[in-house]
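A.B. asks: Chains as they are written, first to last, in the numbering used here: chain A, 801 to 1037; chain B, 658 to 993; chain C, 89 to 528.
Calculated from the structure, these hints are not laboratory results. Honestly, I wouldn't trust all of these hints.
What the hints assert, rightly or not - Taking lysine-lysine pairs in the DSS-like style, the calculated list, with each CA pair at most 25 angstroms apart, reads:
hint	chain 1	residue 1	chain 2	residue 2
1	A	Lys-1022	A	Lys-1032
2	A	Lys-1022	A	Lys-998
3	C	Lys-528	C	Lys-398
4	B	Lys-989	C	Lys-276
5	C	Lys-276	C	Lys-312
6	B	Lys-989	C	Lys-210
7	B	Lys-805	B	Lys-989
8	A	Lys-998	A	Lys-1032
9	C	Lys-494	C	Lys-94
10	C	Lys-302	B	Lys-766
11	B	Lys-983	B	Lys-822
12	C	Lys-494	B	Lys-983
13	B	Lys-943	B	Lys-845
14	B	Lys-944	B	Lys-766
15	B	Lys-766	C	Lys-398
16	B	Lys-895	C	Lys-210
17	B	Lys-810	B	Lys-822
18	B	Lys-822	B	Lys-898
19	C	Lys-276	B	Lys-766
20	B	Lys-764	C	Lys-528
21	B	Lys-895	A	Lys-930
22	B	Lys-989	B	Lys-810
23	B	Lys-845	B	Lys-895
24	C	Lys-494	C	Lys-471
25	A	Lys-998	A	Lys-881
26	C	Lys-398	C	Lys-276
27	B	Lys-898	C	Lys-312
28	A	Lys-955	B	Lys-822
29	A	Lys-817	B	Lys-943
30	B	Lys-810	B	Lys-898
31	C	Lys-94	C	Lys-398
32	B	Lys-989	B	Lys-822
33	B	Lys-898	C	Lys-302
34	B	Lys-898	A	Lys-930
35	C	Lys-376	B	Lys-983
36	B	Lys-822	B	Lys-805
37	B	Lys-983	C	Lys-210
38	A	Lys-930	A	Lys-955
39	B	Lys-898	C	Lys-494
40	A	Lys-817	B	Lys-766
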Amino acid sequence: MSEPFLIGDTMTGGYGKGPDILHECTIAVNPGEIAVIVGPNGAGKSTAMKAVFGMLNVRSGSVRLDGEDITTLSPQDRVVKGMGFVPQTSNIFTSMTVEENLEMGAFIRTDDFRDTMEQVYDLFPILRDKRNQPAGELSGGQRQQVAVGRALMTKPKVLMLDEPTAGVSPIVMDELFDRIIEVARTGLPILMVEQNAKQALEIADKGYVLVQGRNAYTGTGKELLEDPEVRKSFLGG
Amino acid sequence: MDLLNALVALTNFVIVPGLAYGSQLALGALGVTLIYGILRFSNFAHGDTMAFGAMLTILVTWGFQAMGITFGVLPTALLALPFGILGTIGLMLFTDRTVYRFYRQQKAKPVIFVMVSLGVMFMMNGLVRFIIGPGDQRFADGERFIIKARAFKEMTGLEEGLAIKTTQGITVITAVIVVALLFWFLNKTRTGKSMRAYSDNEDLALLSGINPERVVMYTWMIVAALATIAGVLYGLDKSFKPFTYFQLLLPIFAAAIVGGLGSPLGAIAGGFIIAFSEVTITYAWKKVLAYVLPDHLAPDGLVQLLSTDYKFAVSFAILIVVLLFKPTGLFKGKAV
Amino acid sequence: MTETLKHTLLFALVGVLILLEGATDALFFSGSWNSALVILNMGLISAIMAIGVNIQWGFAGLFNVGIMGFTALGGLAVVLTATPVIPEAWTAGGFGIVTALVLGALTIAAAVMITKVMPAGKPRALVLTAVLIAGFFVYRAIFDPAVSAIEEINPALQGNIGGLGLPVLLAWPAGGLLAAGAAWLIGKTALGLRSDYLAIATLGIAEIIIAVLKNEDWLSRGVKNVVGLPRPLPYEVDLQNDPSFVEKATGLGLDPVVASTIYVKAGYAVMFTVVLLVLLWMAQMALKSPWGRMMRAIRDNEVAAEAMGKDVTRRHLQIFVLGSAICGLAGAMMTTLDSQLTPGTYNPLRFTFLIWVMVIVGGSGNNFGAVLGGMLIWFFWIKVEPMGLLLIEAITSGMADGSPLKAHLLESASHMRLLTMGLILLLVLRFSPRGLIPEK
């Protein structure tokens, strides 16, 4: 098997000097794929993603992007390398307009980013209508669209979403998943942490079930959904 | 006719001084609010920053005057202002490099920053007194009035005169220009937007590749400019005395908090609210009322709600009311 | 070197500095025992203020920058307690003033009631405004004539309501009480908000207290000052006229005039030391008690303490009132020492921020640190001026006499004070943030 585009390889580590939360955990994603991390509360799902993004002290193992070892880079440097990250909370600039949010997403770019902005608007048409409204006045689902749009503005090589559907209604959740599939179809690899395991695995090309910071089950979304063990333990039968 | 006279008296003693003072407070409060928004602490050295900027400008003004350079009808200080701003920017960047940056890297608590700003306040206060002395300095020159009271009376035939000092006119015009420039900068330029983004959501700003040190540097530069302009305008309008600038801290903070700490628009509104409250509450209304009311109702006393010595009490009372009922201020600041 | 030894040496250093001040006139010392005692007395008072601030900051993390106001209230307490009763003033306007003040308090109480009872909205705002405005005008209508009546009585010497004619030592606890009352009011409003807000609120209240003292002539004679306050110790003149004292002094080989001033100042020093030691002991006991441990627990983690069911705001109010009362007590002692109240001389740099330098340099959270900081920084506050002059003289010695720069530098040397204090504060905060005697 060839090297995946982005891989957090056998990562062990924790926050600062604190105890290890991840134990030899491996997460990977390839172009055109949606990889989903699921698991029970406190399993280290978000932690695993933060480790890939450099917000964690990875004591052993490594993170590689497109074959390059980026284990020691800061999150900011990883953004420059092409990683787009959407945090779970406070992921937009509430006092700024939608358009300004997108502009800030493109802050590190020195070229003309108007095309990218058009693409984002094409992907999330509602944002085009609300472009001059402060992002803080939008609904929960629209805010998540702004957050994803902001991350897309850097033209990332990989997009990471930390629980994008937290706190939105089921209808909005379905719509958001549709958009995420659309983004993935453009060839952009997507790594996502999800609370709503069932729905997330349905759209996932690859799923990781974490338990206590370790890989418990790995497979395609379909495989995991059909796995009786996984169904029994994590998907509620 | 009496109504007109009352209106003129009101304009002369309340509206014009209130506008000028409000502009000065607004500029000062803008500086405080920007520091709060970006560096997240209440800068107690702000009054002394204003004093320092004004002092540099005064020194340059004296230099110009000695060389025989003047600005015609306008005060020479306006010519000297850019030099004062540059010098203050230098001092601010130096202070940030030598003092504040260390605590930023330590991620110190806001109250530590406040305490550090006390130390900076002491040093700046000492520096200003050391260089120019603690006394009163007058440095306004050029034409003193735009309209003189007597000329106004002759022109209109009214009993009441209206006098507008040049410095009052300059204060308001300069404030409008400065505020317009500032809002243009914050809302239209890439750097300005990055400052707002950083103030709004620091972590996300970092994720977006915004360099915090650059944001902080621009903030100090803008704050230095605002403080110098506010200090010079206040000094031109009243007079320059280091201790007065220290005392301005209270109304300036009140203005910034009333408007909502961290909100530039709030700082401006707060500045005018505080200024007009101070002026109206400490103004003796006898004259205006005498024109408006029929003779038998004319007041005996001065009808002054509070003596001018209590003008600080006015800003303070407003501050307390806002803290009690709306701690985030009128324009939704950041702090609770 | 053990900690205890180091701390003892630091205290010894302060003692030696004060002794040198009396013994030699080399360098910046003056060689006058009188001056040494003056420094010692104010140093003791500063130490007490520093204890008050340390209780607030060191124990509870409260940032009070209104120390000046509480100190001044202590000074006012001396006037109100110890000056003789002026019956004429009371007959002329006493009734009016008391009525007006009661009415004012009732208005505010009514306003508070209205905010509590009525639902928020337009009617409440209207009623509230109406009550406040009506109350204000009634208050002024009663208050103003009473004030002018009082101020007309013998304005050269009195013109105020005078005091209660009680022994001056009673004024010290009274000063504490007065400051405690003001602290309670301000604490009620500003505690529980961000720490910066308490700072700004206290800064404001201090300015207002000073404004009241400066302008309410009926109360404190304003900028005309109240002089000749009663003192707990005999007057120098009386001592000099006392044959037995003169005899003793000459017996010790001292000039009676010098001996009398030193006798009085030493007497104050003894009294202040007793107060300081009592407060220090109490503060230490409080720090070690369960109450003190709880305070520090709250300071270190407010959220956790709140989760454990501690009423943080209430505790904060307690300690804020307590610390401010100590500052008020110190203020009363200071006014007694000066035997005059001069509202015009209260300056926040000297009475608020300098105390902060003392606490930080001494070691916040440690009572002994506060005492050391108070004494040491006070010594330097007094001596920075002659030190600065020495420095400037050294720097300018190469310059030509009569050069304007040299003249300016020499003239400005006295402003070195604030510069130096700021520098000391910044250096300590940066390189030794826990101070000379750190918290255990």
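A.B. asks: Would you mind marking each hint as holding or not holding in the structure?
C.D. replies: Status of the hints after comparison with the structure:
no. : hint                      : in the structure
1   : Lys-1022/A <-> Lys-1032/A : holds (15 angstroms)
2   : Lys-1022/A <-> Lys-998/A  : holds (10 angstroms)
3   : Lys-528/C <-> Lys-398/C   : holds (24 angstroms)
4   : Lys-989/B <-> Lys-276/C   : holds (23 angstroms)
5   : Lys-276/C <-> Lys-312/C   : violated (33 angstroms)
6   : Lys-989/B <-> Lys-210/C   : holds (21 angstroms)
7   : Lys-805/B <-> Lys-989/B   : violated (42 angstroms)
8   : Lys-998/A <-> Lys-1032/A  : holds (12 angstroms)
9   : Lys-494/C <-> Lys-94/C    : violated (41 angstroms)
10  : Lys-302/C <-> Lys-766/B   : violated (37 angstroms)
11  : Lys-983/B <-> Lys-822/B   : violated (37 angstroms)
12  : Lys-494/C <-> Lys-983/B   : violated (54 angstroms)
13  : Lys-943/B <-> Lys-845/B   : violated (48 angstroms)
14  : Lys-944/B <-> Lys-766/B   : violated (52 angstroms)
15  : Lys-766/B <-> Lys-398/C   : holds (23 angstroms)
16  : Lys-895/B <-> Lys-210/C   : violated (40 angstroms)
17  : Lys-810/B <-> Lys-822/B   : holds (16 angstroms)
18  : Lys-822/B <-> Lys-898/B   : holds (20 angstroms)
19  : Lys-276/C <-> Lys-766/B   : holds (24 angstroms)
20  : Lys-764/B <-> Lys-528/C   : holds (24 angstroms)
21  : Lys-895/B <-> Lys-930/A   : violated (48 angstroms)
22  : Lys-989/B <-> Lys-810/B   : violated (45 angstroms)
23  : Lys-845/B <-> Lys-895/B   : violated (35 angstroms)
24  : Lys-494/C <-> Lys-471/C   : holds (21 angstroms)
25  : Lys-998/A <-> Lys-881/A   : violated (32 angstroms)
26  : Lys-398/C <-> Lys-276/C   : holds (17 angstroms)
27  : Lys-898/B <-> Lys-312/C   : holds (23 angstroms)
28  : Lys-955/A <-> Lys-822/B   : violated (57 angstroms)
29  : Lys-817/A <-> Lys-943/B   : violated (71 angstroms)
30  : Lys-810/B <-> Lys-898/B   : violated (34 angstroms)
31  : Lys-94/C <-> Lys-398/C    : violated (37 angstroms)
32  : Lys-989/B <-> Lys-822/B   : violated (35 angstroms)
33  : Lys-898/B <-> Lys-302/C   : holds (20 angstroms)
34  : Lys-898/B <-> Lys-930/A   : violated (51 angstroms)
35  : Lys-376/C <-> Lys-983/B   : violated (39 angstroms)
36  : Lys-822/B <-> Lys-805/B   : holds (8 angstroms)
37  : Lys-983/B <-> Lys-210/C   : holds (16 angstroms)
38  : Lys-930/A <-> Lys-955/A   : holds (22 angstroms)
39  : Lys-898/B <-> Lys-494/C   : holds (23 angstroms)
40  : Lys-817/A <-> Lys-766/B   : holds (21 angstroms)
Going down the numbered hints, you'll see the structure goes against 5, 7, 9, 10, 11, 12, 13, 14, 16, 21, 22, 23, 25, 28, 29, 30, 31, 32, 34, 35, while the others check out.
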